[in-house]
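Chemist: The listed protein sequences derive, respectively, from chains H and Y.
Numbers 1 to 108, taken from the numbering used here, label the letters of the first sequence in order.
Numbers 1 to 114, taken from the numbering used here, label the letters of the second sequence in order.
Simulated from the structure, these hints should not be mistaken for lab results.
Think of the CB as a built atom: it goes at the ideal place given N, C-alpha and C, for glycine as much as any other residue.
Treat each hint with caution, since some may be false.
Pair ranges (Cβ atoms, derived) [stated by the list, open to error]:
(1) H:N64 with Y:G71: 37 to 47 angstroms
(2) Y:G71 with H:E17: 23 to 33 angstroms
(3) H:S51 with Y:S58: 39 to 49 angstroms
(4) Y:T13 with H:G40: 37 to 47 angstroms
(5) H:H78 with Y:N10: 42 to 52 angstroms
(6) H:E17 with Y:N52: 47 to 57 angstroms
(7) Y:S5 with H:Q66: 32 to 42 angstroms
(8) Y:G40 with H:E17: 22 to 32 angstroms
(9) H:T20 with Y:G71: 41 to 51 angstroms
(10) H:T105 with Y:S5: 24 to 34 angstroms
(11) Y:T70 with H:Q14: 27 to 37 angstroms
(12) Y:S73 with H:S50: 39 to 49 angstroms
(13) H:G57 with Y:Q83: 36 to 46 angstroms
Just a sample of chain Y residues kept apart from chain H, beta carbon distances all over 10 angstroms, derived [stated by the list, open to error]:
(14) K15
(15) G16
(16) K17
(17) V19
(18) D24
(19) G28
(20) E44
(21) Q83
(22) L91
(23) A93
(24) T102
(25) Q103
(26) V113
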Amino acid sequence: KNEVEQSPQNLTAQEGEFITINCSYSVGISALHWLQQHPGGGIVSLFMLSSGKKKHGRLIATINIQEKHSSLHITASHPRDSAVYICAAETSGSRLTFGEGTQLTVNP
Amino acid sequence: GAGVSQSPSNKVTEKGKDVELRCDPISGHTALYWYRQSLGQGLEFLIYFQGNSAPDKSGLPSDRFSAERTGGSVSTLTIQRTQQEDSAVYLCASSRDSAVETQYFGPGTRLLVL
């Protein structure tokens, strides 16, 4: 069992739909990161959170420390949201342990 | 520069040759990380530098891999006697400090070992 697991692996949605990507982890963490990897390969940090909820535009990230679970939500999805979304657990020494990623495709 | 830069962007080499990959972190960032993403695989941690502390090398896959960071800024990842399984995208990231800080990723170096 991987230390960080994401679901689903692949997700196809229609423009405008509400999207949820889930992340479960089995290690102790100091923070949980959500990253976006564009088709060209570039990686952008979306959120870093250690408790509660954060919001940036149409993106919302939540974390439940007791349940060791985090979710990334996208409201009013758009084709430009199509990318791979990766969650990563920051453990001791600041190293990141990554999930396998969720390939999101939003169709117009 | 405005972001993390890496060079070269692409590198093709023959099996058995040594390669050096370079990372220029964001100015003032004290923490620097190297990661690897093999084709069809997830990201994996390789090595982490924080200031003048000894680096965390626990993710290096073999003793053919080494990295250094000179003057607390530029870092070089060296792979000796490259193997085909070393083919991957090597990503560098930096952050202002260690521990619970946003990491900013470079564009990566695509390494192909023939």
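Chemist: For every hint, state whether the structure bears it out.
Modeler: Each hint tested on the structure:
1. H:N64 with Y:G71: 37 to 47 angstroms: Because 42 angstroms falls inside the window, the suggested range holds.
2. Y:G71 with H:E17: 23 to 33 angstroms: violated (49 angstroms)
3. H:S51 with Y:S58: 39 to 49 angstroms: violated (27 angstroms)
4. Y:T13 with H:G40: 37 to 47 angstroms: violated (23 angstroms)
5. H:H78 with Y:N10: 42 to 52 angstroms: Violated, since H:H78 and Y:N10 (Cβ atoms, about 31 angstroms apart) do not stay within the stated range.
6. H:E17 with Y:N52: 47 to 57 angstroms: With a Cβ separation near 49 angstroms, H:E17 and Y:N52 satisfy 47 to 57 angstroms, so the hint holds.
7. Y:S5 with H:Q66: 32 to 42 angstroms: holds (41 angstroms)
8. Y:G40 with H:E17: 22 to 32 angstroms: For Y:G40 and H:E17 the Cβ distance comes to about 27 angstroms; the hint holds.
9. H:T20 with Y:G71: 41 to 51 angstroms: Given range 41 to 51 angstroms: holds, Cβ gap about 45 angstroms.
10. H:T105 with Y:S5: 24 to 34 angstroms: With Cβ atoms ~30 angstroms apart, the hint holds.
11. Y:T70 with H:Q14: 27 to 37 angstroms: violated (51 angstroms)
12. Y:S73 with H:S50: 39 to 49 angstroms: Violated, since Y:S73 and H:S50 (Cβ atoms, about 28 angstroms apart) do not stay within the stated range.
13. H:G57 with Y:Q83: 36 to 46 angstroms: At 43 angstroms between Cβs, range holds.
14. K15: holds (24 angstroms)
15. G16: Label holds. Min Cβ-Cβ 27 angstroms, cutoff 10 angstroms.
16. K17: Label holds. Min Cβ-Cβ 24 angstroms, cutoff 10 angstroms.
17. V19: holds (19 angstroms)
18. D24: holds (16 angstroms)
19. G28: Since the minimum Cβ distance to chain H is about 17 angstroms, Y:G28 lies beyond 10 angstroms and the statement holds.
20. E44: violated (7 angstroms)
21. Q83: holds (22 angstroms)
22. L91: violated (7 angstroms)
23. A93: violated (8 angstroms)
24. T102: Y:T102 is in fact no farther than 10 angstroms from some Cβ atom of chain H, at 5 angstroms.
25. Q103: Y:Q103 is in fact no farther than 10 angstroms from some Cβ atom of chain H, at 6 angstroms.
26. V113: At roughly 18 angstroms from the nearest Cβ of chain H, Y:V113 sits farther out than 10 angstroms, so the non-interface label holds.
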